[in-house]
Amino acid sequence: EARPVSLLTFSCVLGMEVAAVLADRAESLIVVGTSVTPYQAVLGKEIGEAIKKMFEEKNVRFYMEDGVNELRGENGKLKEIELSSGTILPADLCVVGIGVVPATSFLSGSGVSLSSNGTVVVDKYMNTSNSKIFAAGDVTSFPLSLQNDQIVNVSHWQMAQMQGHIAALNMIKKKKSIHSVPFFWTVLFGKSLRYAGYGGDYEEIIFKGNVSDLKFVAFYIKEEQVVAVASMNYDPMVSHAAEVMASGKSISKMEAQDKDMPWMKII
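Just remember that this note's numbering sits 424 ahead of the position in the sequence shown, which is counted from 1.
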């Protein structure tokens, strides 16, 4: 049921999901983000622009490269929001999705090593620099096996769940190292978006299909190897790529470019 409500949300994953669900229920729906396009940090600008256009066709407005300066209310209710740019927007509801900061300052001087971003550094057994202390979840930086044990931070429940499992096994002396492929999926206006791997500092993207038509596969390349794969309405490409990565095998840039997709036959 449509209601005369002005909704403001953020261009993070959860914020975009909220916007997609409520687009036809709010009189006005606005998305605010600090990047040029939604999803830019992970998926790249081209995919971000295509998704943004899809939302705009559903009457969602965007204020990108901006932020929120102040929320103003009256009689206990939100009335308007002032953006960092000075723009003032009427709003009845604001969904805040701004990420998290590791609350690890209490560990300073404890002997537990922290990374430069404040996360707890663990080894492949989820053990910290103190052999009696284990850590798991968004608060950790850990060695990602599919990228030669590069130390990374992955803030997603799938990886946190696996890390908790590995930590528990090692706590009871059942030694096991973490080996899991980061995997994410969502649905936006009925279109399936999937992502596997860890693009992090990828160097280029190879596309199959048509990004503007929202039917594509994107291969994220680093040092001539595929480090992550994303798709929209192109299942089961990402799931298969995740299986290849999980098997310990790799997909080369040349294989990603080959129209016959030989990597689909690796396993």
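Hints were generated in silico from the structure; no laboratory data involved.
Among the hints, a few may not be true.
[What the hints assert, rightly or not] Derived DSBU-like pairs (lysine-lysine); straight-line CA-CA distance at most 35 Å: (1) Lys503 to Lys615; (2) Lys673 to Lys632; (3) Lys600 to Lys556; (4) Lys689 to Lys632; (5) Lys469 to Lys599; (6) Lys615 to Lys597; (7) Lys646 to Lys683; (8) Lys477 to Lys677; (9) Lys673 to Lys556; (10) Lys600 to Lys501; (11) Lys503 to Lys477; (12) Lys482 to Lys689; (13) Lys639 to Lys598; (14) Lys597 to Lys548; (15) Lys477 to Lys501; (16) Lys689 to Lys600; (17) Lys683 to Lys477; (18) Lys469 to Lys482; (19) Lys556 to Lys615; (20) Lys482 to Lys597; (21) Lys599 to Lys632; (22) Lys482 to Lys598; (23) Lys598 to Lys469; (24) Lys477 to Lys632; (25) Lys599 to Lys615; (26) Lys639 to Lys599; (27) Lys477 to Lys639; (28) Lys639 to Lys689; (29) Lys639 to Lys600; (30) Lys469 to Lys503; (31) Lys632 to Lys646; (32) Lys597 to Lys639.
Quantities reported herein were computed from a predicted structural model and do not represent experimental measurements.
How the hints compare with the structure:
no.	hint	in the structure
1	Lys503 to Lys615	holds, 33 Å
2	Lys673 to Lys632	holds, 21 Å
3	Lys600 to Lys556	holds, 16 Å
4	Lys689 to Lys632	holds, 17 Å
5	Lys469 to Lys599	violated, 42 Å
6	Lys615 to Lys597	violated, 44 Å
7	Lys646 to Lys683	holds, 20 Å
8	Lys477 to Lys677	holds, 29 Å
9	Lys673 to Lys556	holds, 34 Å
10	Lys600 to Lys501	violated, 51 Å
11	Lys503 to Lys477	holds, 28 Å
12	Lys482 to Lys689	violated, 39 Å
13	Lys639 to Lys598	violated, 44 Å
14	Lys597 to Lys548	holds, 14 Å
15	Lys477 to Lys501	holds, 31 Å
16	Lys689 to Lys600	holds, 29 Å
17	Lys683 to Lys477	holds, 28 Å
18	Lys469 to Lys482	holds, 20 Å
19	Lys556 to Lys615	violated, 46 Å
20	Lys482 to Lys597	violated, 54 Å
21	Lys599 to Lys632	violated, 41 Å
22	Lys482 to Lys598	violated, 52 Å
23	Lys598 to Lys469	violated, 44 Å
24	Lys477 to Lys632	holds, 20 Å
25	Lys599 to Lys615	violated, 41 Å
26	Lys639 to Lys599	violated, 43 Å
27	Lys477 to Lys639	holds, 14 Å
28	Lys639 to Lys689	holds, 22 Å
29	Lys639 to Lys600	violated, 39 Å
30	Lys469 to Lys503	holds, 33 Å
31	Lys632 to Lys646	holds, 17 Å
32	Lys597 to Lys639	violated, 47 Å
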